[in-house]
Amino acid sequence: MDTFEAIKATFFQECDELLADLETKLLDLESGAADDETINAVFRAVHSVKGGAGAFGLEALVRFAHVFETLLDELRAGRKPCDELTVRTLLRASDVLADHVAAAQGTGPEVEEARSAALVAELEVLTHGEGGSPAPDEAEDDFGFQPVAFDLPSLDLPSLDLPSPDAPGAPAAGGWRIVFRPHGRMYVNANETGLLLRELGRLGPLEVELDDSAVPMLDRLQPEENELVWTIRLTAPVDEAAVREVFDFVEGDCDLRIEPIAGEGPELPPLIETPDAPADDIDISALLAKVQDEPAAAVTPAAPATSAPAAAAPAASATAPTASSPPAAAAPATIRVDLERVDRLINVVGELVIQQAMLAQRVTESGLARSSGISVGLEDLELLTREIQDSVMAIRAQPVKSVFQRMPRLVREVAEMTGKRVRLVTEGEATEVDKTVVERLAEPITHMLRNAIDHGLETPEERTAAGKPSEGTVRLAALHRSGRIVIEISDDGRGINRERVRGIAVSKGLIAEDAALTDDEIDNLIFLPGFSTADAVSDISGRGVGMDVVRRSIQSLGGRISISSNPGKGSTFTLSLPLTLAVLDGMALGAAEQTLVAPLSAIVESLTPKAEDVHYVGGHDAVIRFREAFVPLVDVARTMGFRDAPVPPGQGVAVVVETESGARAALMVDAIHGQRQVVIKSLETNYQQVEGVAAATILGDGRVALILDVDALVANARRRPAAADLKLAS
Amino acid sequence: MTKTVLTVDDSRTMRDMLLLALEGAGYRVIQAEDGVHGLEVLAASGGADVVITDINMPRMDGFGFIQGVRSNPAYDSTPVLVLTTESDATKKARAREAGATGWIVKPFDPAKLVDAVRRVAA
Chain A
1 MDTFEAIKAT FFQECDELLA DLETKLLDLE SGAADDETIN AVFRAVHSVK
51 GGAGAFGLEA LVRFAHVFET LLDELRAGRK PCDELTVRTL LRASDVLADH
101 VAAAQGTGPE VEEARSAALV AELEVLTHGE GGSPAPDEAE DDFGFQPVAF
151 DLPSLDLPSL DLPSPDAPGA PAAGGWRIVF RPHGRMYVNA NETGLLLREL
201 GRLGPLEVEL DDSAVPMLDR LQPEENELVW TIRLTAPVDE AAVREVFDFV
251 EGDCDLRIEP IAGEGPELPP LIETPDAPAD DIDISALLAK VQDEPAAAVT
301 PAAPATSAPA AAAPAASATA PTASSPPAAA APATIRVDLE RVDRLINVVG
351 ELVIQQAMLA QRVTESGLAR SSGISVGLED LELLTREIQD SVMAIRAQPV
401 KSVFQRMPRL VREVAEMTGK RVRLVTEGEA TEVDKTVVER LAEPITHMLR
451 NAIDHGLETP EERTAAGKPS EGTVRLAALH RSGRIVIEIS DDGRGINRER
501 VRGIAVSKGL IAEDAALTDD EIDNLIFLPG FSTADAVSDI SGRGVGMDVV
551 RRSIQSLGGR ISISSNPGKG STFTLSLPLT LAVLDGMALG AAEQTLVAPL
601 SAIVESLTPK AEDVHYVGGH DAVIRFREAF VPLVDVARTM GFRDAPVPPG
651 QGVAVVVETE SGARAALMVD AIHGQRQVVI KSLETNYQQV EGVAAATILG
701 DGRVALILDV DALVANARRR PAAADLKLAS
Chain B
1 MTKTVLTVDD SRTMRDMLLL ALEGAGYRVI QAEDGVHGLE VLAASGGADV
51 VITDINMPRM DGFGFIQGVR SNPAYDSTPV LVLTTESDAT KKARAREAGA
101 TGWIVKPFDP AKLVDAVRRV AA
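Protein sequences, first through last, are from chains A and B. Following the working numbering, the numbering of the first sequence begins with 1 at its first residue and continues without gaps. Following the working numbering, the numbering of the second sequence begins with 1 at its first residue and continues without gaps.
No wet-lab data here; the hints were simulated from the structure. Because the structure is a prediction, the values reported are computed rather than measured. Think of the CB as a built atom: it goes at the ideal place given N, C-alpha and C, for glycine as much as any other residue. Everything hinted at is true.
Here are the in silico distance ranges between beta carbons for each label pair:
#1 B/E23 to A/P399: 32 to 38 Å
#2 B/G46 to A/D239: 37 to 43 Å
#3 B/A43 to A/E427: 39 to 45 Å
#4 B/G46 to A/L85: 51 to 57 Å
#5 B/G46 to A/E351: 41 to 47 Å
#6 A/M393 to B/E23: 33 to 39 Å
#7 B/G47 to A/G252: 24 to 30 Å
#8 B/E23 to A/Q13: 18 to 24 Å
#9 A/A60 to B/E23: 30 to 36 Å
#10 A/I388 to B/G46: 35 to 41 Å
#11 A/S556 to B/G47: 53 to 59 Å
Simulated crosslink set (DSS-like; lysine-lysine; CA at most 25 Å straight-line):
#12 A/K401 to A/K435
#13 A/K569 to A/K468
#14 B/K106 to B/K3
#15 A/K8 to B/K106
#16 B/K112 to A/K8
#17 A/K8 to A/K435
Reference listing, derived: stretches of chain B covered by chain A, where coverage requires no fewer than 3 residues with Cβ under 8 Å from a Cβ of chain A:
#18 11 to 21
#19 106 to 120
Model the full structure from these sequences, guided by the hints.
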């Protein structure tokens, strides 16, 4: 059933949110940032997971959530202390709960029985004390609150003195005789005699008799009270349980006697008869009208059913909390939209931007005056297009919180496995970035955090010996910097062992033995393919993935990664990523009849070099003097294979670009066409990956332009001399 | 005439399930996410024929909500059903003390839910 599956999907989606919230709140408890409401929120999260899981029959999940919830309920009620040990157990329980959810969803493996059972045992010890056996369902306490006080005058009317009903009997052939006297309370809770009669009527034909003898005279009448006694003959062979169920909601708010009719005894004349009436055809209004025609109707204010609850109202309304309740708190007005719809919108807006640019170009070509109505209108259109685009991009923007939230658990696990003590500090969780980027951030961050704990941090003993606190700190931060999002992962560990890194790089043939490298360059060697600092790939950060893989996944997002390290003090990894994968602010460059786009963020400056500024290393590798340093000169048209001849000396423009790690190169092109925003079209999706090309875009004139992969171009240009060195050295 | 049921629950899953079951039975459903919101929705929509509420909710729990409903003369005769995970007698008694008209035991069977609503709806 589709709807059912959809609700199930919603459930798992909600579980993710609840689990994230659960963890945040537990961490608040751990760090002391909690208030009274925190433990309630924690309880509700687990309670909701359990509730939904019950609805879908996810039994393992329900069982675990139940034990978890039981302890939380004790904590919530203040019956058990919420100390450090307890919070740690709760955190581990939340991890197991998450695993149970993942298993139920089919996105994770089955939870190991032993692990789950061990935690269940721990939770139970905390709930019931050492050795205490859990009383079944003892703590499930939906109603552990102060009940609403209604303060009704106690009943001191002649009691009906009804015997308590016997155990549920078998169907009585002759039907049932029901004596029913509602208490005033029943009406306060919005139950109605009329509705109960309607329900009984569904079971079979009724004869209803009303005894009004206890109703006092009008002047002594208590409108909140009820003195009417109903005697109902239900002539249908139904179970007593079925009859009792009708009164399920009002049990305790009425005197009730249900007994089988033995077909004996003098019966009072029935008040009304509904012989053989089909169950649904009981006409309540007719019934009530008839009631009012009877002598008892003389005291109609006390008439049962409909009028009683209304009369009971004014007493309670004096202290109406609604009247004093705070005005509607401005709840964040949000809607949930299918992601596919947003993506479709973004695609269309991308097309709109291109179409708009094409239209603008046509108009320019047509030679219309700039002041013409069409040109002016087109400019306004351009502004609006920009605005639409920004707004649409904002829809996709999401805080990185969703990724950061998953990390405390990872840190706990890695810390446990390595025997290190780690504190994770996160900053800038609210930093927003495109959804796709957020999703693809999780893996590199996970890997780098593992790396920071496993390789970066020392053991507690080593730290103490080095005069550092035994607990290491790993910082995970996000911030916006010049139109990009920057993620920093730093640790206060031992830093990079440069000698060792260098040694490995040499032994693996990645650099020449005598290569002169700066500290930074050595640090960045760890990103080279085939480099791994761990002697043996460890369980934690190994997993067969090196830092080069991390770098590649970052690069595929148009991002860059770099490291800076301070021996003995720690290391910092810095990731920088575009805010969106859909648009790019770029500089259009001309090279051999082709238009290319360089990301604006990479461009340092542009210059027109004179012939004498260009020097050649080894006869062919051109470099250019730029700010008291030589940077490699990359002839773009040649590198891309557009033509064989280089740009003639003294002609063309050099665009100096810089990678995130600070490496520079000058891109030699024929001309600069100007800055523009382009819609990124994936080359891999539509064609295949091309060295030196990051993606493609469609220009205003409808032609395809390639977006340059500046990092690859720079790396290429800089590697060549190194490769030459290597040859010399070997 | 189509009857309106207000469901108050902080769990989206539960709201969806109630919606599915009740709309399937021909009721019009309005929803709220907690007690405070529930009272707002009730006021904004001019009341409901039946209210179904959860107990554990942020901002204002089910008890506070029922009290709010019962103390407003405009809604004090509106039937309120409570969603509860337990079905033993003490829990029912407490629900009743709190002013609930009846209860629905979670996880609920849609037929039973609709039946409970029908039973209390005038």
